[in-house]
Amino acid sequence: METNLALLLLLAPFIGFLINVFAGKKLSGNLPGILGTVAVATSFAVTLSFFLQVSSSKEPVMIDLFEWMQLRNFKVNIAFQLDQLSLLWLMFVTGIGTLIHMYSISYMHDDENVHKFFAYLNLFVFFMITLVMGSNLLIMFIGWEGVGLCSYLLIGFWYKNHDYNDAAKKAFIMNRIGDLGFLIGIFILGFIFNSLDYTVIRTAIESGKLLQPSWGISIAALCLFIGACGKSAQIPLYTWLPDAMAGPTPVSALIHAATMVTAGIFMITRLNFLFDLAPEVQNIIAIVGAVTSLIAASIGLIQNDIKKVLAYSTVSQLGLMFLALGLGAYQIAVFHVITHAFFKACLFLGSGSVIHAMHGEQDMRYMGGLRKVMKVTFITFLISTLAISGLPPFSGFFSKDEILMTAFHDNKPLWVIGSVASIMTAFYMFRLLYLTFYKDFRGTEEQKKHLHESPGLITFPLIVLAILALVGGAISLPGNSWLNEYLAPVIAKQSEHHHMGTTEYMLMGVAIIGAFIGIGLAYAKYIKQSSVPGQDSEITGFAKVLYNKFYVDEIYTALIVKPIYALGSFFKNAIEVAISGFIFGLGKLANVLGTEGKTLQNGSIGFYLFAFVLGICSIIVYIFLAK
Amino acid sequence: MDVSFILITLLIGAAATYFAGNKWASKVALLFSVAAFAVTLCTVNLLNNGENVNSVTRWIKNPMISISLVGDGLSLIMVLLTTSLTAIIILATLKNTFKNAKSFYALILFMAFAMVGTFLSADGFVYYIFWELSLIPIYFIALIWGGGEAEARKKDVIKFFIYTFAGSLFMLVAFIYLYQKTGSFTNGALVRVNLTDKEQFWIFLAFFLAYAIKIPIIPFHTWQANVYQKAPSAGTMLLSGIMLKMAIYSIIRWQLPLAPAPAKEYMHVLIILCVAGVIYGSILALKQQDLKKLLAYSSLAHVGLIAAGAYTLTLDGLRGAVLQMIAHGFVVVGLFYAAEIIIRRYNTTEISEMGGIRIQTPRFTSMFMILVLASVALPATFNFIGEFELLYSLAQTNIWIAVLGGTTIILGAFYMLRMFQQVMLGEQNAKPFADVTFGEGFVFVTIIGILLFFGLYPKPIIDFITPALENTLNLINR
Amino acid sequence: MENILQQIGIENYIYLSTLLFCVGVFGVLFRRNAIVMFMSIEIMLNAVNLLLVAFSTYHQDAAGQVFVFFSMAVAAAEVAVGLAILVAIYRNLNNIDIDSLKKLKG
Amino acid sequence: MLTVFYILSAITLGTAFLTILSKNPIHSAIYLVLCFFSIAGHYLLFNAQFLAIVHIIVYSGAIMILMLFTIMLMNLNKEDEQNKSVLTRFAAVIALGLVAFVLLATFIKAQPVIEGYQVSGQDYQSIKVLGKVLLNEYMVPFEFASVLLLVSMIGAVLLSKKEHINS
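Chains as they are written, first to last, in my numbering: chain S, 1 to 627; chain X, 1001 to 1478; chain E, 2001 to 2106; chain F, 3001 to 3167.
Worth flagging that the hints you see were computed from the coordinates, not collected in a lab.
Incorrect hints may appear among the rest.
Ranges of calculated distance between the beta carbons of each label pair, as one might list FRET restraints [what the hints assert, rightly or not]:
1. Gln601/S <-> Lys3109/F: 52 to 60 Å
2. Pro563/S <-> Asn1049/X: 31 to 39 Å
3. Leu593/S <-> Asn2094/E: 20 to 28 Å
4. Lys1264/X <-> Lys3109/F: 47 to 55 Å
5. Gln2006/E <-> Leu593/S: 53 to 61 Å
6. Asn2094/E <-> Ser604/S: 35 to 43 Å
7. Thr1057/X <-> Val3140/F: 51 to 59 Å
Mimicking DSSO-like on lysine-lysine, the simulated pairs with C-alpha atoms at most 30 Å apart in a straight line are [as the list claims (entries may be wrong)]:
8. Lys1155/X <-> Lys25/S
9. Lys2102/E <-> Lys3023/F
10. Lys75/S <-> Lys1155/X
11. Lys1099/X <-> Lys1061/X
12. Lys598/S <-> Lys1264/X
13. Lys2105/E <-> Lys3128/F
14. Lys1431/X <-> Lys26/S
15. Lys2102/E <-> Lys3109/F
16. Lys1293/X <-> Lys160/S
17. Lys1159/X <-> Lys598/S
18. Lys1155/X <-> Lys572/S
Some, not all, of what chain F presents toward chain E, calculated at C-beta under 10 Å [as the list claims (entries may be wrong)]:
19. Ile3007
20. Ile3063
21. Val3151
22. Leu3158
Here a beta-carbon is modelled for each residue, glycine too, at the ideal position from N, C-alpha and C.
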């Protein structure tokens, strides 16, 4: 029964995918969308039942299907594991997934390939469920690559535009760089533990019978972290995420904000017992997370594309989560993943609603004043913005504050970086809010006439997500955390409980003041001074560097892509030519030997005889004399 | 019933096809290739039931040569690959019209016959004969029915012929030397002979030349891209799908058990050479403007990884090599078939002249996409199993080699997606492009079905080949 | 009956035939006239014959002499055909200078 | 007998040299006849009377007459032969030296192996014995020799026949 239910949970989106792929074209109107939504909703319902079961019984559900792969020292099965962590993840993946599917019905209904869109979206949910549900690293890897594939398909959904296709390709390839790291990590773990099952690895570690030196584990952890960097857009593999905004907005909300990009955090949390053994890797994770958070936030300060701002904000928030992971505070990272999923999905969907109203315009410089026409969108957007800025009592406040608090306890410089990033976040989010919804409309008259509030299918998910963003913090209140208790079985090392003392309250105060500083700056600049960001050419100085994202893309192109192409040209024009020249040279040599050799046959019998005598002499010498 | 039935079926098929006349040739060929596949399946079934499927016939008394055909897991899986791919290839060409079709199809079946013979022979001399025999049909297929300018084609095809032929002559020398030592050509006798390390080295080298050219491993690959480009698609599929697997199969069956000492001593050199081929082929594929050449270089990269796995001398490496051979066989046939469809409809092989196909042909695009993804070894496709085992075996020898070999999953995605984007995506092309017909779709669906099914449930194949590979490994480590 | 080998060693005959043979070789290389080259070849043949007879006596075996007999038969046949060829050449070229026969060059 | 040997040897080598060096082919032929006679003398020294007679008959009688006829037929009895180039002559001398050196060196190297001559007293070279050997042991080659002579005769006739050039 459990197996069947779990398979239903897994396969419902896949069936939705199949129907939409094969029959989607024939389905009329919103049917593909409804179908897709129902499929994901089914998964959500099953997840919910499992969630209730497991949170009461505290026993994970294990499902072992059949043998998949055989390696020298172990076998890999197709097997699934529904424990606290995976169910939690499934809850918000399928839950938010359902909402976003619903949203997409309306958002995408004009598109000619709407059935494909829902097919891909369903496929994504399927792979995401695989990733989360898998009971060993290779199953996770199926999902891991599968979601990358769906991300590729959905970013390049409007495939006629080669810029979008390039973005899709870039996302896939950058992910693959991480995936290589992931694979190498899997290999090393395979050597050390002779298994890839989480439970086996965990038992091996906890039994303390590990014979291998710990540096093997450290390298494995580092490799896995590289994989996580690719998927979760951390330095140095983050540049694909902002480009990924080429996809339709629901995709950005679902894949590139709420679910897929958190896969890296899921993986590290899943293997927390492993990372606990590698403190130096944890340090690297924390530093990378903090730096990513700061750099992405600083780039976000000055972007004008509404989705780009949100994308950099996502990268920045993911950085914060990695900071938490690096500090060993897995529950807090998970907490932030969840709250972030709520408010960031809401923000993206809100921006989608705005873009919908603006008929595809994404540049904030041509928006403004939307508050009056789009009330629901505005209010939900405002709530989410407050949440991400870290103002109490919104959910983002609790999660972010806990991260900063942990950082303050463990590593003060990282705390400073995180705090600065948070202040920046407050600034650019309110900048976004002010530019989009306040003041007067700056677009064309044509656009202004068509401005409208989005239909109910769009606003409903917004409202739900906004409510969640508002109250989501309740699952892990400081001092009384339901989440920590819930996750306790899957987290090997419990982080020490922060006693809520004066320091903690002071830190909270500092965080709130920081948020207000950010908001105040934004207010001063965009409401008081009514300034609007200038055209691209007017940007100068450091701002230009920020606006061009520190030229990271250009640097990567110059350092990696160009050399590869140059190497390709070199191989093609030099080495290939040389090798094939050598081979042809051998043929030519035979030819030359023939033409030259035939002149030896000059017809002069005297010469032949002379050669003959010489030959006889040498034979005699060889046989009789040369001994 | 033993393995010789497969050979007989194919040989009769070749003759029957020739005498069936141009009109019926393709159908007769298809019939016999399917029959051969069915016979192979029966043989596999027999073997699984524990029966003996070997066939030994005395041929020449002095020198002692017997036509001994041995069917074990390793050889029969390759025969299965050959017969199934031959059927698929014939099916794929069914819609084309060839002049002198009876010769064309008869040559295809004859080539299948020779390749099956190569896989089955346990007598070195007979093996060599089959090995060379398979070269003749493909030479004519590429020469007569190939594309491009006649003179250039002739040059490339002759280069290919002489190149591979020259390589295999060294193998013949090695066999004759071994015969001098043992007085027998049979695999079983040859692997038991005690050779000094120096002798083994030279024998290894002789075999290596033959195989390195056929596979091809850099720097012996220069014949490949041009021949793939110029040969007709059926020829390219035969070459890349089956023929180069002959060489890798031979490495496992002949080279490693016969000369294990140098294989162990020079393992790292060999693996690095193969892995260099992976990177080299991938980077070159990025620069190709010709669709078939791009696929040729991608094949170079993939096959390099397979050879590297075989040379690791680990069970995972050998198993990964066999699995990946099968997977790569199907994928590359599918890809070349897709390329053939595009090329036939656009009448050009230049990637720059393509584009925007996806709007016109959603079904074809999906199938092509799946093949591309399988070729970049997305998990849950058969190729992933093979590639994972290969990389795992490389990691067992040296983790850095695994990293280098693993760049194939990055570079592979890079050039394949780049190609896919340029060929399929973008604004609608001015030229019309009809969607796949039922027959074409059937070929694709068959290939994709095989790739996905075994991607999730490779156990039957793994169980089938593992005992034979363990035997081989025992011989290597004797 | 006593023969020469009872008085001098066989090496004298070996030296003699060697020298005779060398003279033949020299003649073939030195002259352009085909007939004289022919004669030189006969000298070489005779050098060998002489040696064969010498060894036949030395080993006291008739086979060597029989061999010389055959070689004479072959020489006769060879001369007949060779001279016929020379005549044919002479008829075509009006000389038998060996250096003018260079049609067979590669 | 020793003196006879030396005289005969001197005649053999001398006439052989003169054969080669004379400008006039007729002279060459005549010197060669002398040379052959001296070789027949050597055969007599070996007590090989049969061979000596056959040698005189075949070489001096048949072969040399044939040559002389040819020379006359071609009207070659004049000294119009051009000398070869210096290089060729030099090469010829070198070849002479080389062959002589190599052969002599081989012999000298082999000399220690050669044993002294011992008389066994058995008859091995009388005409009777030779005839028996020839017609018993060497019957087949003997017959083939006759075929060879026949064929060479036919060949010679065919070759020297005047060709009928087609109009």
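These are the hints, each one checked on the structure:
no.: 1; hint: Gln601/S <-> Lys3109/F: 52 to 60 Å; result: violated (35 Å)
no.: 2; hint: Pro563/S <-> Asn1049/X: 31 to 39 Å; result: violated (57 Å)
no.: 3; hint: Leu593/S <-> Asn2094/E: 20 to 28 Å; result: violated (38 Å)
no.: 4; hint: Lys1264/X <-> Lys3109/F: 47 to 55 Å; result: holds (50 Å)
no.: 5; hint: Gln2006/E <-> Leu593/S: 53 to 61 Å; result: holds (58 Å)
no.: 6; hint: Asn2094/E <-> Ser604/S: 35 to 43 Å; result: violated (20 Å)
no.: 7; hint: Thr1057/X <-> Val3140/F: 51 to 59 Å; result: violated (43 Å)
no.: 8; hint: Lys1155/X <-> Lys25/S; result: violated (49 Å)
no.: 9; hint: Lys2102/E <-> Lys3023/F; result: holds (23 Å)
no.: 10; hint: Lys75/S <-> Lys1155/X; result: violated (50 Å)
no.: 11; hint: Lys1099/X <-> Lys1061/X; result: violated (44 Å)
no.: 12; hint: Lys598/S <-> Lys1264/X; result: violated (46 Å)
no.: 13; hint: Lys2105/E <-> Lys3128/F; result: violated (52 Å)
no.: 14; hint: Lys1431/X <-> Lys26/S; result: holds (27 Å)
no.: 15; hint: Lys2102/E <-> Lys3109/F; result: violated (40 Å)
no.: 16; hint: Lys1293/X <-> Lys160/S; result: holds (26 Å)
no.: 17; hint: Lys1159/X <-> Lys598/S; result: holds (24 Å)
no.: 18; hint: Lys1155/X <-> Lys572/S; result: holds (20 Å)
no.: 19; hint: Ile3007; result: violated (12 Å)
no.: 20; hint: Ile3063; result: holds (5 Å)
no.: 21; hint: Val3151; result: holds (8 Å)
no.: 22; hint: Leu3158; result: holds (8 Å)
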